[in-house]
Amino acid sequence: MYRDESYGRPALELRGLTKRYDDGTLAVEDFDLEVPAGAFFGLLGPNGAGKTTVISAVCNLIRVTAGEVLVFGEPISSLRARSWIGLAEQDINLDRFLSVRETLIYHGGYFGMGREEAEERAEEMIDAFDLRSKRDVVAPKLSGGQRRRLLLARALMHRPRLVILDEPTAGVDYELRQELWLYIRRLHAEGTTILLTTHYLEEAEELCEEIALIRGGKLLARDSAHGLRERYSATNLADVYVKAMAEV
Amino acid sequence: MEGQITGTQGMRWLAQRETLRVSKLWTQTVLAPVISSLLFILVFGLSLGDRVRNVGTVEYDQFIVPGLIAMAMVQAAFANNASTIFQARAERYINDILSSPMHPWQMTIGFVVGGVFRGLLIGGSLLAAAFLLTGVPLENPAALALTAVLCLVLFAAFGTVVGIFAESWDNTTFIGNIVILPLAFVGGTFYSVALLPSPWEELSHFNPIFYMVQAMRFGLLGESDVSIWLSLGVTAALAIPAYLWAQWLFSSGRKLKD
Numbered sequence: 001m002y003r004d005e006s007y008g009r010p011a012l013e014l015r016g017l018t019k020r021y022d023d024g025t026l027a028v029e030d031f032d033l034e035v036p037a038g039a040f041f042g043l044l045g046p047n048g049a050g051k052t053t054v055i056s057a058v059c060n061l062i063r064v065t066a067g068e069v070l071v072f073g074e075p076i077s078s079l080r081a082r083s084w085i086g087l088a089e090q091d092i093n094l095d096r097f098l099s100v101r102e103t104l105i106y107h108g109g110y111f112g113m114g115r116e117e118a119e120e121r122a123e124e125m126i127d128a129f130d131l132r133s134k135r136d137v138v139a140p141k142l143s144g145g146q147r148r149r150l151l152l153a154r155a156l157m158h159r160p161r162l163v164i165l166d167e168p169t170a171g172v173d174y175e176l177r178q179e180l181w182l183y184i185r186r187l188h189a190e191g192t193t194i195l196l197t198t199h200y201l202e203e204a205e206e207l208c209e210e211i212a213l214i215r216g217g218k219l220l221a222r223d224s225a226h227g228l229r230e231r232y233s234a235t236n237l238a239d240v241y242v243k244a245m246a247e248v
Numbered sequence: 249m250e251g252q253i254t255g256t257q258g259m260r261w262l263a264q265r266e267t268l269r270v271s272k273l274w275t276q277t278v279l280a281p282v283i284s285s286l287l288f289i290l291v292f293g294l295s296l297g298d299r300v301r302n303v304g305t306v307e308y309d310q311f312i313v314p315g316l317i318a319m320a321m322v323q324a325a326f327a328n329n330a331s332t333i334f335q336a337r338a339e340r341y342i343n344d345i346l347s348s349p350m351h352p353w354q355m356t357i358g359f360v361v362g363g364v365f366r367g368l369l370i371g372g373s374l375l376a377a378a379f380l381l382t383g384v385p386l387e388n389p390a391a392l393a394l395t396a397v398l399c400l401v402l403f404a405a406f407g408t409v410v411g412i413f414a415e416s417w418d419n420t421t422f423i424g425n426i427v428i429l430p431l432a433f434v435g436g437t438f439y440s441v442a443l444l445p446s447p448w449e450e451l452s453h454f455n456p457i458f459y460m461v462q463a464m465r466f467g468l469l470g471e472s473d474v475s476i477w478l479s480l481g482v483t484a485a486l487a488i489p490a491y492l493w494a495q496w497l498f499s500s501g502r503k504l505k506d
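Keeping their order, the protein sequence lines are chains D and E.
Numbering-wise, this note's numbering puts 190 at position 190 of the first sequence, and it's gapless, one number per residue.
To convert a position in the second sequence, counted from 1, into this note's numbering, add 248.
To be clear, the hints were calculated from the coordinates, so they are not data collected in a lab.
Each residue gets a CB set at the ideal place from its N, CA and C atoms; glycine is no exception.
A portion of the hints provided could be inaccurate.
[As the list claims (entries may be wrong)] Listed next, with one range per pair, are the computed distances between beta-carbon atoms:
no., chain 1, residue 1, chain 2, residue 2, range
1, E, Q252, D, A128, 24 to 30 Å
2, E, S416, D, Y174, 37 to 43 Å
3, E, Q252, D, T65, 28 to 34 Å
4, E, G372, D, R185, 51 to 57 Å
5, D, D127, E, L492, 43 to 49 Å
6, D, Y7, E, V427, 52 to 58 Å
7, D, R20, E, T254, 29 to 35 Å
8, E, L294, D, G144, 51 to 57 Å
9, D, G144, E, N425, 33 to 39 Å
10, E, A376, D, P75, 48 to 54 Å
11, D, Q90, E, K503, 19 to 25 Å
[Unchecked claim] Listing some non-contacts, in silico: residues in chain D with all C-beta distances to chain E over 12 Å:
no., residue
12, P36
13, G145
14, M245
Model the full structure from these sequences, guided by the hints.
And the structure:
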């Protein structure tokens, strides 16, 4: 367990986040969001809503135009804050020169692990994600499902406190999706904060304790699935989504 | 992860990843450039060497060795870093590094190490082969080592910059084939520029690779067309801004982050 000054702080605080891309597109403007530590939090919105921009800002992958990003109270510019985040991106972006085992070990190394610790943890992740038979196979020779599993294993390799999953089950078959969620649920039960974006609304409704709906870079609503259903007089999250998006 | 995070561990792993890439692709990254340079030594040095006059007191087959080694090393360092960065950007696995707890200067070092490593492997292999084939001496090892490091840092850093700006594979190969290779060929590898008529002799002094070839020649043969200090000074004067440019790109995130 983590017992330092960051303990008890929200997992994520976005204050006045604004991102204007070089081509002039304003992806998010003056965006505020707080994700409590230990939450399973969903970020939902249509394509182009600004979800990936928000995630990229949190993971130091874009140049933020204005605003502040804090992870467990630490600014994202600090190495400590970055070491607490695990990211599984929407697109599969695995290093083509590394085997499954090397992918995990090198990722652990980039995030500050020593060799012995990284090797041990990699073996653990290989078993957890059923990649034992592909341990020494390079990423381009894996199937789509295996790559997706490796991507998730890589995100979790360094035991992050905040796991960000950007469309983790896009294009994944039902069986694998169930497997992945089983693992993520277990992780969440152990205290890890999960920030999830997905287009599968029933998935978000079932998994997320709290959901934020965004569109055009603005926060439309934020509540539990139950609270959102009540607010929009809807029977399920899909109805909520349709009504919320129609309001804009 | 708990405990103090300094990024040093990450930098070491990144440097190791870059050297691993070179090792995994050794037939392309090391063997091919070594063979093509050896062919130059065999064809120009050993086959035609008997028909070409000595250059000063140096036999022609030994005279061309320093320039060929310099040429192979700098081209490899450039190509290595231009391709590794471009590919990591194109396939977006560079995000794993950009999101990691490493300082930008540590990322720059990690990447530059790969190009330097590849250049040293090629340089070392060529030197050993050239010694066996031509008996080339090693007159000033310290000057040779310093020259090699400066040249490799310069071209690995320049390759990093090009890899960051490149929009296609063509961009990365264009600089290598249209800029570096011709400059290397007219940089005094195969002849002493002192033998050239005016203005070609004077113009050669504006070619940065000329100074690298001269410094390498001083290190191996103990003689060159210009002072070793001038050669080292020019190489360092180019290596420092090239490195700082690469470093600035990592610090600012320009072209690496949207």
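| field | Distance rule for D/M245, whose beta carbon must clear each one in chain E by more than 12 Å | value | holds, 25 Å
| task | Given the range 29 to 35 Å, decide if the beta-carbon distance of D/R20 to E/T254 lies inside it. | result | Hint holds: Cβ distance 33 Å, inside 29 to 35 Å.
| query | So the hint says 52 to 58 Å: do the beta-carbon atoms of D/Y7 and E/V427 match that? | reply | holds, 55 Å
| message | Taking the Cβ atom of E/Q252 and the Cβ atom of D/T65, is their distance within the range 28 to 34 Å? | response | holds, 32 Å
| request: Indicate whether the distance between the beta carbons of E/G372 and D/R185 respects the range 51 to 57 Å. | output: Given about 53 Å between the Cβ atoms, the range holds.
| request: Starting from the hint 43 to 49 Å, judge whether the C-beta atoms of D/D127 and E/L492 obey it. | output: holds, 45 Å
| Since D/P36 was said not to touch the interface, does its Cβ keep a gap of more than 12 Å from each Cβ of chain E? | The assertion about D/P36 holds, with a minimum of 21 Å to chain E.
| Once the closest CB in chain E is found, is it more than 12 Å from D/G145? | It holds; D/G145 is separated from chain E by about 19 Å at its closest Cβ, greater than 12 Å.
| task | With 19 to 25 Å as the target window, see if D/Q90 and E/K503 comply at their CB atoms. | result | holds, 22 Å
| message | Please check whether D/G144 and E/N425 have a Cβ separation lying inside 33 to 39 Å. | response | Hint holds: Cβ distance 37 Å, inside 33 to 39 Å.
| said: Does the beta carbon distance between E/A376 and D/P75 stay inside 48 to 54 Å, or does it fall outside? | reply: The hinted range 48 to 54 Å holds for E/A376 and D/P75, with Cβ atoms some 51 Å apart.
| field | Satisfaction of the hinted span 37 to 43 Å by the C-beta atoms belonging to E/S416 and D/Y174 | value | holds, 39 Å
In the structure shown, no violation is registered for any of the earlier numbered hints.
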